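Enquirer: Single-letter residue listing:
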Amino acid sequence: MASIPLEAGLLLAAVLFIIGLIGILIRRNILFILLSIEILLNASGLAFIVAGYHWNQPDGQVMFFFILTMAAAEVAIGLALALLMFHHFKTLNIDHLTRMRG
Amino acid sequence: MNVTFYMAAGVAVIATVFVVISLNAVHALLFFIVSLLATSLIFYILGAPFAAMLVIIINAGAIMVLFVFAIMILNLGPHVAEYERPSVQPRMWVFPVILALILVGEFVYVFIQHGAGAPTKGAVEAKEVGVALFGPYVLAVEMASMLLLAGLLGAYHLGPYAINPRGETE
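Residue numbers (my numbering), protein chains in the order written: chain A, 1 to 102; chain B, 1001 to 1170.
Just so you know, the hints here were simulated from the structure itself, not pulled from any lab data.
Since the structure is predicted, the reported quantities are computational estimates derived from the model, not experimental observations.
Glycine included, each C-beta is placed from N, C-alpha and C at the ideal position.
One should not assume that every hint holds.
Just some of the chain B residues that point at chain A, by a computed CB distance under 8 Å [said to hold, decoys possible]:
1) Val1017
2) His1027
3) Ala1028
4) Leu1041
5) Phe1043
6) Tyr1044
7) Ala1051
8) Pro1090
9) Gly1105
10) Val1110
11) Phe1111
12) Tyr1137
13) Glu1142
14) Gly1151
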């Protein structure tokens, strides 16, 4: 089986991470920001999987499992907070959500 | 196998770019699901079948369904797309892209400087992952379960206020 070079896999993870980071920087809707955070978490998980493949160890997949757990908990709380913000401020626009004073 | 990897990588990158630049939230979700499927194929190619299944079941299955529910409840109209339109114009994203390209350049530079270690290749099956999870990593698994419990409790407490903020049905 022809092997994938480590550089290619990690470069793919870096490119996906960078795209998610650009998404966080340019979008103004909180739903898209949560989606971009999902992209970031997925890209970092991909980096762990690539490293685990390179060294033929299960630890990479173990770390990916933990990242997935964290992503699930984060997206549940994040979406609940986004719904709450929408009901309070009638918008999901983070430019209009900057006046949070408790 | 190499060709499959690079094609899946290209699909993942293109779909992720469309997630970031699409104006409609549902279109972005569909592109993200395509990206997740490509990522899952990459995981399978990289000898991680357990992680590939987890991506499809949890990420594409559960988390994306949560997003679909949120979009349905919020009912985002066309005015949101109109507001977002300026942020995906070139003058808005050219500066973040330059900063991001600097980061990619640093990454490539570090790799050229140091290189990769000697590889040991082969698939890591689900059994080995399970043995590792419930052997040396059992404390971390317990912590992950506590994190999920915290997420569950948080969503449970926030949920009623999010759906019905003033308790109007009482």
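Enquirer: It remains to establish, for every hint, whether it holds in the given structure.
Expert: To see whether the hints hold, each was checked on the structure:
1. Hint on Val1017(B) holds. Least Cβ distance to chain A is approximately 6 Å, under the 8 Å limit.
2. With its C-beta approaching chain A no nearer than about 11 Å, His1027(B) sits outside the 8 Å limit, and its interface hint is violated.
3. Hint status for Ala1028(B) relative to chain A: holds, with the closest Cβ pair at about 6 Å, below 8 Å.
4. The interface hint given for Leu1041(B) is broken, as the beta carbon of that residue sits about 12 Å from the closest beta carbon of chain A, more than 8 Å.
5. A least Cβ separation of about 5 Å between Phe1043(B) and chain A falls short of the 8 Å threshold, and the interface hint therefore holds.
6. Using the Cβ-Cβ criterion of 8 Å, the hint placing Tyr1044(B) at the interface with chain A is not satisfied: the shortest such distance is roughly 10 Å.
7. Hint on Ala1051(B) holds. Least Cβ distance to chain A is approximately 5 Å, under the 8 Å limit.
8. Residue-level restraint check for Pro1090(B) is violated (minimum Cβ-Cβ distance to chain A is 11 Å; threshold 8 Å).
9. With 8 Å as the threshold, the beta carbon of Gly1105(B) stays out of range of chain A, its nearest partner Cβ sitting at about 10 Å, so the hint is violated.
10. For Val1110(B), the interface hint is violated, the least distance from its beta-carbon to any beta-carbon of chain A being 10 Å, above 8 Å.
11. Because the beta carbon of Phe1111(B) sits about 5 Å from the nearest beta carbon in chain A, less than 8 Å, this interface hint is met.
12. Interface restraint check for Tyr1137(B): the shortest CB-CB distance to chain A comes to about 5 Å, inside 8 Å, so the restraint holds.
13. Here the hint on Glu1142(B) is broken, as its CB sits about 12 Å from the closest CB of chain A, past 8 Å.
14. Interface restraint check for Gly1151(B): the shortest CB-CB distance to chain A comes to about 3 Å, inside 8 Å, so the restraint holds.
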